[in-house]
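Trainee: Sequence:
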Amino acid sequence: MVKRDKVIHGMLEDELRRCESMASSLREQVEAFPEGNERQRKEESLKSFCERIQYLLRLLSV
365 MVKRDKVIHG MLEDELRRCE SMASSLREQV EAFPEGNERQ RKEESLKSFC ERIQYLLRLL
425 SV
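Numbering follows the numbering used here, in which position 54 of the sequence shown is assigned residue number 418; successive positions increment by one, without gaps.
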């Protein structure tokens, strides 16, 4: 269905690009943090964004 609807497909691709950009930024920030609670929270945020990216990729490939 997503591939057939060009508008929805385009919206999902835009969201995917935004999420990938944000995940890249988070990854850079996490690497700069010292070990500890703050770094752990950032890593959890990065993990949730990566899961969102995977979800969008699955939607786009349907």
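Derived by calculation from the structure, the hints in this document are not laboratory data.
Glycine included, C-beta positions come from ideal geometry on N, C-alpha and C.
Heads up, some of the hints might be wrong.
To be verified - With a straight-line Cα cutoff of 20 Å, these simulated SDA-like cross-link-like pairs (lysine to any residue) come out:
id, residue 1, residue 2
1, Lys406, Glu392
2, Lys406, Arg422
3, Lys406, Val394
4, Lys406, Ser425
5, Lys406, Ser388
6, Lys411, Glu379
7, Lys406, Met386
8, Lys411, Ser389
9, Lys411, Glu392
Said to hold, decoys possible - Listed next, with one range per pair, are the computed distances between beta-carbon atoms:
id, residue 1, residue 2, range
10, Glu395, Arg368, 36 to 44 Å
11, Arg368, Ser388, 28 to 36 Å
12, Glu399, Asp369, 39 to 47 Å
13, Glu395, Leu423, 26 to 34 Å
14, Gly400, Asp369, 40 to 48 Å
Trainee: Now tell me if each hint is right for this structure.
Mentor: Hint-by-hint comparison with the structure:
no. : hint                           : in the structure
1   : Lys406 with Glu392             : holds (10 Å)
2   : Lys406 with Arg422             : violated (25 Å)
3   : Lys406 with Val394             : holds (6 Å)
4   : Lys406 with Ser425             : violated (29 Å)
5   : Lys406 with Ser388             : holds (12 Å)
6   : Lys411 with Glu379             : holds (17 Å)
7   : Lys406 with Met386             : holds (12 Å)
8   : Lys411 with Ser389             : holds (13 Å)
9   : Lys411 with Glu392             : holds (13 Å)
10  : Glu395 with Arg368: 36 to 44 Å : holds (40 Å)
11  : Arg368 with Ser388: 28 to 36 Å : holds (30 Å)
12  : Glu399 with Asp369: 39 to 47 Å : holds (46 Å)
13  : Glu395 with Leu423: 26 to 34 Å : holds (29 Å)
14  : Gly400 with Asp369: 40 to 48 Å : holds (45 Å)
When the structure is compared with the earlier hints, violations turn up for hints 2, 4 and for no others.
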